[in-house]
Amino acid sequence: MTPGSDSSTSILGFLEINRQTLGRYAELIRRCLENSVFVTLAVHCNWDHDPPHFRSTETISDFFIRCSTLSLSHEIHSLGLSCVSLVPQNESGTSELVAVKNFNIATCTMQSSIHSGASLLQARKRGYDLNYLASEGCSYYRGRDARAKNSEECHALRLIFQQLHGNELNASLLRPVVLAGGGLPSLIAAYSALSGLPGENLTEFLQRIHGLFPGKLLDGALIRSDEARKEKTTEVPALSFTTDEVDIEDFLRFTDMKADGNLKSFLSQPNRFHPAALDSLHAAQKVLKTPVDAEGKFSRSALTDLVKNHGNLLSAPGSSEVVKILPAASATFNPSKKKQIE
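Mapping the sequence shown onto our numbering, position 241 (from 1) lands on 455, and the numbers just tick up by one.
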């Protein structure tokens, strides 16, 4: 089964999620996550024009504190999720195709945030309609804001993140999650905003992350494609589903759906900007090219090797040091406990 250039070998779909559609499609997203072999996550926020870079005068722990502080005053524009699954092509299940479902979740904080002229300009260059984000973005509260308890949108977003994490008690939910870019800063931004997770220091944060992702995290920036094998694979086709009303079962099976075959036409629709999903898709393509067998085919066993070699390692932009996600030394550690950043 090769990620090929036509719909017989792989399928690609996009769906924009906003305030109006989050409730309708939250269950769909969770089910796609559950059925995935691996998932890629992209986090876009308004510090992207000048992302936090490690300084030679600070330690990695200092870098963590600085990123955590920034995340409390900045805003996430959107989350990109690419769910990669394998769909049987015949009754015997001996032939499979790659199906990639991409979700762009537009978000907007209900708290005050810092916006510089450069960040606003960069957001527009990346394809964001800032008026659309303000009016239609899924609202959230940073950290452990008490108002989040009464927000249906916050609750729906956190349920999606719970499904993203996986479950160590269910072997089918031990999928790896790949960070599309930014490594440690992206992770801090997402969890500072959406679940108040970071805690008091870097060690505590990494321990909590270890407990939440039993299938392990991979940093896309640390994955290097094998060029010799890469030549044997081809790009995932640029097919896009443009319907607003999507039946869950049809979307999961990719049957009775019409694709226009032109990704640009989907991008040109009013208020249908999803640069985060495009980033997560690019990360998914990178992974699909990397874990292949000798024949250039996507391989589950090779994916396992990739996770073994790169799992639970995070990069800090500007630093040669790689941060390792390690479990807590104490057996009483509770990864579900969350603290607000002071």
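Check each hint, because a few of them may be wrong.
Unchecked claim - No farther apart than 30 Å at their CA atoms in a straight line, the calculated lysine-lysine pairs in the DSBU-like style are these:
# : residue 1 : residue 2
1 : 339       : 363
2 : 500       : 339
3 : 538       : 522
4 : 500       : 538
As the list claims (entries may be wrong) - Here are the simulated distance ranges between beta carbons:
# : residue 1 : residue 2 : range
5 : 376       : 349       : 23 to 33 Å
6 : 541       : 345       : 25 to 35 Å
7 : 270       : 366       : 28 to 38 Å
8 : 336       : 532       : 33 to 43 Å
9 : 300       : 366       : 25 to 35 Å
Keep in mind that the hints were calculated from the coordinates and are not lab data. Since we're looking at a predicted model, the values are computed, not measured. Positions of the beta carbon are idealized from the N, C-alpha and C atoms, including for glycine.
Okay, the hints, checked on the actual structure:
Taking the CA atoms of residue 339 and residue 363, the gap is near 34 Å; set against the 30 Å cutoff, the hint is violated. Restraint check: the Cα-Cα separation between residue 500 and residue 339 comes to about 24 Å, which is no more than 30 Å; the hinted pair holds. Of the pairs offered as hints, the one joining residue 538 and residue 522 holds, with about 13 Å between alpha carbons and a cut-off of 30 Å not exceeded. Between residue 500 and residue 538 the CA atoms are separated by roughly 22 Å; this keeps the pair inside 30 Å, and the hint holds.
Remark: the range hint 23 to 33 Å for residue 376 to residue 349 is upheld by a beta-carbon distance near 27 Å. In this structure, residue 541 and residue 345 break the distance hint of 25 to 35 Å, their C-beta atoms being roughly 44 Å apart. For the pair residue 270 and residue 366, the beta carbons lie near 45 Å from each other, so the given range of 28 to 38 Å is not met. The supplied range of 33 to 43 Å is broken by residue 336 and residue 532, whose beta-carbon atoms lie about 19 Å from each other.
Between residue 300 and residue 366 the Cβ separation comes to about 33 Å, which falls inside the hinted range of 25 to 35 Å.
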